[in-house]
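Student: One-letter residues, chain by chain:
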Amino acid sequence: MLAVEHLKKSFGDMTVLEDIGLTVEKGDVAVILGPSGAGKTTLLRCLNFLEHAEEGTLVFQGQSFDLRTVRSDAIRAYRMRTAFVFQGFHLFLNKTALDNVTEGLIVARGMEQKPAREKAMEMLEKVGMADHASFFPGKLSGGQQQRVAIARALATDPQIIFFDEPTSALDPELTGEVLAVMKKLAEEGRTMLIVTHEMQFAKTVSNRVFFMEDGRIVESGKTGEIFTHPREERTRAFLQIGTDERGE
Amino acid sequence: MLALFLESFPKILVPGLLVTIPLTAISFALAMVIAIFVAMIRFARIPVLSQLMQIYIWIFRGTPLLVQLFVVFYGLPHAGLLIDPFPAAVLVFSLNEGAYCAETVRAAIEAVPQGQLEAGYCVGMTYLQTMRRIILPQAMRTAFPPLSNSLIAMVKDTSLAANITVTEMLMVTQRIVARTYEPLLLYVEVGLIYLIFSTVFTFLQRAGEKKLNTYMEREA
Ligand SMILES: Nc1ncnc2c1ncn2[C@@H]1O[C@H](COP(=O)(O)OP(=O)(O)O)[C@@H](O)[C@H]1O
Ligand SMILES: [Mg+2]
Numbered sequence: 001m002l003a004v005e006h007l008k009k010s011f012g013d014m015t016v017l018e019d020i021g022l023t024v025e026k027g028d029v030a031v032i033l034g035p036s037g038a039g040k041t042t043l044l045r046c047l048n049f050l051e052h053a054e055e056g057t058l059v060f061q062g063q064s065f066d067l068r069t070v071r072s073d074a075i076r077a078y079r080m081r082t083a084f085v086f087q088g089f090h091l092f093l094n095k096t097a098l099d100n101v102t103e104g105l106i107v108a109r110g111m112e113q114k115p116a117r118e119k120a121m122e123m124l125e126k127v128g129m130a131d132h133a134s135f136f137p138g139k140l141s142g143g144q145q146q147r148v149a150i151a152r153a154l155a156t157d158p159q160i161i162f163f164d165e166p167t168s169a170l171d172p173e174l175t176g177e178v179l180a181v182m183k184k185l186a187e188e189g190r191t192m193l194i195v196t197h198e199m200q201f202a203k204t205v206s207n208r209v210f211f212m213e214d215g216r217i218v219e220s221g222k223t224g225e226i227f228t229h230p231r232e233e234r235t236r237a238f239l240q241i242g243t244d245e246r247g248e
Numbered sequence: 001m002l003a004l005f006l007e008s009f010p011k012i013l014v015p016g017l018l019v020t021i022p023l024t025a026i027s028f029a030l031a032m033v034i035a036i037f038v039a040m041i042r043f044a045r046i047p048v049l050s051q052l053m054q055i056y057i058w059i060f061r062g063t064p065l066l067v068q069l070f071v072v073f074y075g076l077p078h079a080g081l082l083i084d085p086f087p088a089a090v091l092v093f094s095l096n097e098g099a100y101c102a103e104t105v106r107a108a109i110e111a112v113p114q115g116q117l118e119a120g121y122c123v124g125m126t127y128l129q130t131m132r133r134i135i136l137p138q139a140m141r142t143a144f145p146p147l148s149n150s151l152i153a154m155v156k157d158t159s160l161a162a163n164i165t166v167t168e169m170l171m172v173t174q175r176i177v178a179r180t181y182e183p184l185l186l187y188v189e190v191g192l193i194y195l196i197f198s199t200v201f202t203f204l205q206r207a208g209e210k211k212l213n214t215y216m217e218r219e220a
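Residue numbers (this note's numbering), protein chains in the order written: chain A, 1 to 248; chain B, 1 to 220.
Where hints are given, some of them may not hold.
Simulated pairs of lysine to any residue, SDA-like, Cα-Cα distance not exceeding 20 angstroms [claimed, not checked]:
| # | chain 1 | residue 1 | chain 2 | residue 2 |
| --- | --- | --- | --- | --- |
| 1 | A | Lys-114 | B | Arg-133 |
| 2 | A | Lys-222 | A | Ala-77 |
| 3 | B | Lys-210 | A | Phe-135 |
Derived from the structure by calculation, the hints contain no laboratory data. Just so we're clear, the structure is a prediction, and the values are computed from it rather than from any experiment.
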């Protein structure tokens, strides 16, 4: 459903992503693992055109984009079918939780107020935030904000949802509530591409792993295989450290 | 003395209400439209247009308001463009104020976190939709205190319009002085009326700020 080939991205003369190729199938819960600075965020941002990759092609549901020449109307049409959950939530600060969710429906998709609000309430219920519908982001905890952000992402029925370290900005005791929501989405069969450092979550919820280092995808494969016998020394080292750190 | 004060008070207040306040209100409203328009062009760094706007700001902030009034009212007729006093004053005040406020609004737009625009894109909104619904409302909240200060300053600056024959408060006062030879009393009196106007606007500003603050904290 989503395939990238030969993606390249630099900031100035520093190459941050080199010859990236990855494929996500419908229903996949794919995780991108790797040390900080590997280029995970940049890759995800390139996949939703928040950064402009200077080379590569992207195929999404049979439609092919040349990343060098893609036009802004094609980008918008693509974004209508995808969603993004940010590390820093980025809820609209001047909107209530409910309005955060309806905005994409009413403004971007021209939906009527009433069905949009019903849909939004349904999504807030799904993430356990219906009772906070009238709250402004400033009055919500990080975990609550991120759950509203997930409701906002879900509301537009995206074909794929990108998550960039959705729990990294949260206090440890708040990560659980967000991961629980994401697990639920995985069980519903949603297609997700997730950058995360939550090894336990990656191991138990994902079915596909991409391991990144220094701007390249070093290794990729089925979750079970990568976690039991990774081919690459670097992957093994990283996973070891990853589990040690969490005292397992 | 008291009799003159009381007799002249309504004579000065009426042009205050009929000229000074409308001149301020119309000019400031137009200035806001100009400011938001210019600020968005500068923020989006639209080539050519952005540079043109920068030149506009440079000229209107770098020359005296009184000179701008003279150029438009006394100068332009020589180039065949005759404008009545009141519209000439509105034109100059709104362009002048627009230049100052454009920079205030632009700074406020730039202070809105980048993630707000990106989040707008990611739910499918266009640049303009995100601007209108998300970025500008947040920016205007930040810009509200400095903009209301500009408004209060502008109430006082409209007295300059007397120089291009607009019969606003100061012009009317000058006429009464010429008739009665009581400059101290009358100029203090007109000053007092300006003070009343500024005080009312300051009060409105406080109320406005309070409203904006509570609106974000409704579920406190
Ligand atoms: N906007 C930017 N400008 C310049 N360099 C950047 C920018 N964003 C990221 N980088 C650099 O790109 C590299 C990859 O960053 P990032 O994608 O954030 O990594 P990760 O998410 O894996 O930690 C880092 O070296 C980082 O410093
Ligand atoms: Mg990152």
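Student: Under the constraints set out in the numbered hints, which ones does this structure not fulfil?
Tutor: The structure conflicts with hint 2 only, although it agrees with all the remaining ones.
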